[in-house]
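**Q** The chain contents come next:
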Amino acid sequence: MHSDIFDIKQRVVFVPVRHHSPACARAVQQLVRMVRPAAILIEGPSDFNERIDELFLPHTLPIAIYSYIRQQDGARRGAFYPFCAYSPEWAGLQSARETDAQARFIDLPWATLATDRTPTHRYADAELRTSPYIPTLCQKLGVENFDALWDTLVEIDPALSPQQLLERVHHLCYQIRASGGHVAAEDLRREAFMADEIRRTLAETKGRLLVITGGFHSYALFARLRQLPPPEIEQPAIETAQPEADAASDAPAEPIERGIALTPYSYAQLDNLTGYEAGMPSPGFYHQVWIERDGSNRDRGGDVYRKLLATTVTDLRKAGQIASTADLIAVETCAQALAALRGHAEVWRLDLIDAITGALIKDELADGVRHPFLDAILTLFRGSQRGVLAEGTTLPPLVHDIRRMLEDHGLEPAPRERSLRLDLSVAEERARSQVLHQLRVLEIPGFVRRGGSDLVARDDLTTIWEQWSIAWTPGFDAGCIGAAIYGATLAEAAAARLAELSARIERSAEHAALLLLDACLMGLDQPVAALLDRLVALIREDSDFFGVAAALGHLLYLYRYDDLLGSAGRGDIGGLLVETFGRALWLLETLGQTQGRDQDLLKSIRALIQTFEACGAALSLDRENLVEVLRRSSGDDAQQPLVRGATMGGLWTLRAADLAQVRADLHACAAPEQLGDFLTGLFGLARETAQRHPDLVMSIDELLMSYDDEAYLQALPALRLAFTFFTPREKHYLARTLLDAHDQTETNVLADLEVDTVTATRALALESWLLGELRRYGIRGGAR
Amino acid sequence: MSHRPTTTTQIADVQRPAAEVLYAEELARLAAADANTPKPAGWQLAPRSVLMFVLGDESRRISPKFVGSRSLLERCIVALATNRGLMLIGEPGTAKSYLSELLAAAISGDSTLIIQGSAGTTEDAIKYSWNYALLLAEGPNDRSLVPAPLHRGMSEGKLVRFEEITRCPLEIQDTLLSILSDRVLAIPEREDDGRVLYARTGFNLIATANTRDRGVNEMSAALKRRFNFETIPAIASLSQEMDLVQRETARMLSRAGVPLTLPVELTEVLVTTFHELRSGKTGDGKTLESLTAVMSTAEAVSVGYAAGIHAYYYDNGKITSEHLMQSLLGSALKDAPEDRDKLRHYFNHVVKERRGVWRSFYDARRFLLD
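Those protein sequence lines, which keep their order, are chains A and B. Sequential numbering of the first sequence, starting at 1, is according to this note's numbering. Sequential numbering of the second sequence, starting at 1, is according to this note's numbering.
Be aware that one or more of the hints could be misleading.
Taking lysine-lysine and the BS3-like style, the derived pairs with C-alpha atoms no more than 30 Å apart in a straight line are [claimed, not checked]: (1) A:K206 - A:K9; (2) A:K318 - A:K307; (3) B:K224 - B:K65; (4) A:K140 - A:K206; (5) A:K731 - A:K603; (6) B:K65 - B:K39; (7) B:K318 - B:K352; (8) A:K318 - B:K39; (9) A:K140 - B:K352; (10) A:K603 - B:K352; (11) A:K362 - A:K307; (12) A:K603 - B:K281; (13) A:K362 - B:K318; (14) B:K352 - A:K362; (15) B:K65 - B:K352; (16) B:K65 - A:K362; (17) A:K140 - B:K281; (18) B:K334 - B:K281; (19) B:K352 - B:K334; (20) B:K318 - B:K334; (21) A:K307 - B:K224; (22) B:K39 - B:K224; (23) B:K281 - B:K352; (24) B:K318 - A:K603.
For the record, the hints were derived by calculation from the structure and aren't laboratory data. From a predicted model like this one, the values you see are computed outputs, not experimental measurements.
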């Protein structure tokens, strides 16, 4: 490492930062005062430079620069450069304004970088996290992970001078890069561009420069300007040997549309605690640190953690949790001791979280289960700030897009409510419906679906129509601007919103399938692809048979029958259907007691059989597995008779069981309290097959004749239910079979009753009871 | 402490030497390095060295002894240093007792002050009792008093381990209340100075409780308040658990004089099966119903060990999936009949789909069918 990089007397001073680090932001402020640069160059989208003044309007942070493109294949992509009060980049911009220095962004426009692999959070720090150097250093310093490492080295010590910070971060990032091996071609292209920008500024100005970039790039830029070897040992082959291959493989095709604008952002978005695109966690915590350590803040004093702890405890008490003064003392002692053990100059983020975990939580902390105490503190550490753009900011692109879409489709809202009926079989009207559904998902006020064909229940699908009401409400504009968080165009924003909704679902396959239906209603292709992964995960997590079977029903509809929404026969939905089918089978086998959900149960098992019959061949579903599971269920003595009947009915329909087997099962469930349920299940699944086998009626008849009155009356209600699955004509044929077998005709057996069947049954019951009483007292006539 | 084995030959005879004996050399080195470091009163090592002793440190030649997250251990050590009782909870077989032994060995240099909680644990076994011959002859005094672990821990300033505390009746658990808050043990029989025993610095309590026994004797809120609770999770990382199971079965087999090791692919099958049946989640994210039986790492080790013994003595010394399956059934199917269905389900839907050595494991399912 060349030592000049640490020297702040050089003409170009490189400030290595971690994005969203308050310590780095403070160092930037101090360095600007020390260096007095003529220009401050910041890692950020250079295509925003001409509108950089917009950043100095009185916005409420956090906000983000949003860059978006449309590619030749029609795909849209967008990326965020978020700024909050304690961003080093933001500190650089503000300091530039205060010292009359020129402020400029020097990174390649995102539009020229975007591929489907490029992270869309441009201030994340994956390149720092993933280096093999990190675990070794963590081990050495006795810290748990990269975030704790960074806090230990940079954030915690309030006495760390800007020079010390500069040295530490330069060293850390240099080592990360030197031991990380291959550097992405995309990063090298960006660095080449940034180095050119620095050279250009050097030529244009006489003064000194402050270059604020991610620490990962600092030394590489310095090396480029000085013609020194870069930190990484392994030279990527593409840069030297095959520049064409580089351009061809990694540079994306020129987008057909691009734009860049400011949008509001939120701490919830910033606190992406997990994943590849994570940045610093807990924005609320670091925000508080920033405020407390800000030299100009007159109210400061006292420790950050005490204030946070006080707020946490207040929140907990409001939520009805017990947190006494003694508890508070325990937490504080514990937090201080942890900080001391870990060598922290102040009680820090994890010290407090750990202290609360240790001292307040008296329950088992199962893996992946959330605890209210931890939730409270994590929510507080996340912070609830949402950005608001100042007046006079160029409106976010989404607002323009929504206006254009509404105009194009004749859907502009007026103060007077109007109503609109759409027939989805007409292409133009379907397009209008899609726009309306997109607005609905984004919760833009004023667009309400009042009625229409129910694609969820699918009762009557002869014509598919919808009824909407449209009206302008005062919340309309704010709603459009607020939704700009999600993207630049209506379709893109709706897709992002859908992804957000799907991330929120926990273990419900049915909700997931409904979201897919929403995506189809909105006419979105792209999000369907993105949703599918999430849906597969949700379906695998869901352990409710009914939910999964309901999802199966929705998916079957989308895959097999729905031509209007263009989802029929889509391979990806087919794949999902296979997954759901397997999952539903799996859950059927472990089905426990299902009190009072008889109809759902039949519907669910029917969905399985229907799916197999409709798509078994097309999707090569495993017939053997289906039959095996059904067989195991129908043969299981411990299973409820309804399930046994239904699974047997399924087997019968699939021709995997014959009449003899049905009879055998019938006899296994011959007890009066079971027979009706078994038959309900059987007929519910195999109505048509049962029709073709009148002999079955004879078996049932035999069984019934063996019952005494009491048993018969006990079985009667469920039997009546079982036979409701047949139409009157079918019932007629069944009765006919029976009568023929007994050599009787309709007229002499089925007397016309003057009362209804319910009354007749009651009379029968009374008579049976009366005879029983007579018998009990030994009175003659008791034996009928 | 004179009866404790100290020399190497003595250690060799002992079935299971205490941690402070087994790792005496490491402890001595750490203590020497800590000579001038400030320590909590009554501690043998500084908190950081305790951490290092448990987690291991390559550069100082300290062997790793416990697999778990650093912050969990930091919380445990801090609880003990700030004079809160430490309560380790978790599923059976998650090495709670082992961790408490390591902590006691590192902090007090003595892990033998153990109270075993059970339905029959009495106050005598916790605090003190009397030598009745001496009591009659001399009255209540130091000679006639027979100190139990708690008394000794308080008078010697050492950590006391209370195993399975929730198995004790509530009134026995609650005798700890005043001791934990006031750090005083009253001995009302004595009339001399010994009437009140003040705990020396260094005394504290590590209790363990297993979550399967929850509800047997739920702790009182008052007692809970005096403890910091830490949940010891099952090992989250499959590869770490695999290493541990491989290492431990090898150690147990060699100690039993069996010259076999569990093949790596079988260890993988074993640990993966345990992992999935325990968490109720397969490697590719499908949920399943987890077994009622305890599927701990310790249990996995004993399954591997039993498979080895079986293969060596009955089946000419080659461990196969069948041995594994048979031992697995013994450990997974204890008293809950529905576990058999769950296990069968697991085989039919998860194991069936897999390739390689899993095929032979699937074929071995016939032991499950009867």
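**Q** Next, verify each hint and record whether it holds.
**A** Here is how each hint holds up against the structure:
1. Taking the CA atoms of K206 (chain A) and K9 (chain A), the gap is about 15 Å. The hint holds against a cut of 30 Å.
2. Distance check on the hinted pair: K318 (chain A) and K307 (chain A) sit about 17 Å apart at the alpha-carbon level, within 30 Å; holds.
3. A hinted pair counts as satisfied when its Cα atoms are at most 30 Å apart, and K224 (chain B) with K65 (chain B) qualifies at roughly 28 Å.
4. This hinted pair does not check out: K140 (chain A) and K206 (chain A) have alpha carbons roughly 45 Å apart, beyond 30 Å.
5. About 22 Å separates the Cα atoms of K731 (chain A) and K603 (chain A), which keeps this hinted pair within 30 Å; it holds.
6. The hinted pair formed by K65 (chain B) and K39 (chain B) meets the criterion: a straight-line CA distance of about 22 Å does not exceed 30 Å.
7. Of the supplied pair hints, the one linking K318 (chain B) and K352 (chain B) holds, its CA atoms being roughly 24 Å apart against a limit of 30 Å.
8. Taking the CA atoms of K318 (chain A) and K39 (chain B), the gap is near 40 Å; set against the 30 Å cutoff, the hint is violated.
9. Pair hint K140 (chain A) plus K352 (chain B) does not hold up; C-alpha atoms about 44 Å apart against a cutoff of 30 Å.
10. Proximity of K603 (chain A) to K352 (chain B) is assessed by CA-CA distance (about 29 Å); at most 30 Å being required, the pair is judged to hold.
11. Only pairs whose Cα atoms come within 30 Å are accepted, and K362 (chain A) paired with K307 (chain A) is accepted, the gap being roughly 24 Å.
12. A threshold of 30 Å between alpha carbons decides the hint, and for K603 (chain A) with K281 (chain B) the separation of about 27 Å falls inside it, so the pair holds.
13. Distance check on the hinted pair: K362 (chain A) and K318 (chain B) sit about 47 Å apart at the alpha-carbon level, beyond 30 Å; violated.
14. Simply put, K352 (chain B) and K362 (chain A) have alpha-carbon atoms about 41 Å apart, too far for the 30 Å limit, and the pair is violated.
15. The suggested pairing of K65 (chain B) with K352 (chain B) is violated, with an alpha-carbon distance near 36 Å, which exceeds 30 Å.
16. Distance check on the hinted pair: K65 (chain B) and K362 (chain A) sit about 26 Å apart at the alpha-carbon level, within 30 Å; holds.
17. A threshold of 30 Å between alpha carbons decides the hint, and for K140 (chain A) with K281 (chain B) the separation of about 34 Å lies outside it, so the pair is violated.
18. Between the alpha carbons of K334 (chain B) and K281 (chain B) the distance comes to roughly 21 Å, so the proposed pair stays at or under 30 Å and holds.
19. With a CA separation close to 24 Å, the supplied pair K352 (chain B) and K334 (chain B) stays within the 30 Å bound.
20. Of the supplied pair hints, the one linking K318 (chain B) and K334 (chain B) holds, its CA atoms being roughly 27 Å apart against a limit of 30 Å.
21. Annotation: proposed proximity of K307 (chain A) to K224 (chain B) holds, straight-line Cα distance about 27 Å (limit 30 Å).
22. A distance of roughly 27 Å separates the Cα atoms of K39 (chain B) and K224 (chain B); the hinted pair therefore holds under the 30 Å criterion.
23. Annotation: proposed proximity of K281 (chain B) to K352 (chain B) holds, straight-line Cα distance about 16 Å (limit 30 Å).
24. At roughly 51 Å between alpha-carbon atoms, K318 (chain B) and K603 (chain A) are farther apart than 30 Å, so this suggested pair is violated.
Hints 4, 8, 9, 13, 14, 15, 17, 24 from the earlier list are contradicted by this structure; the remaining hints agree with it.
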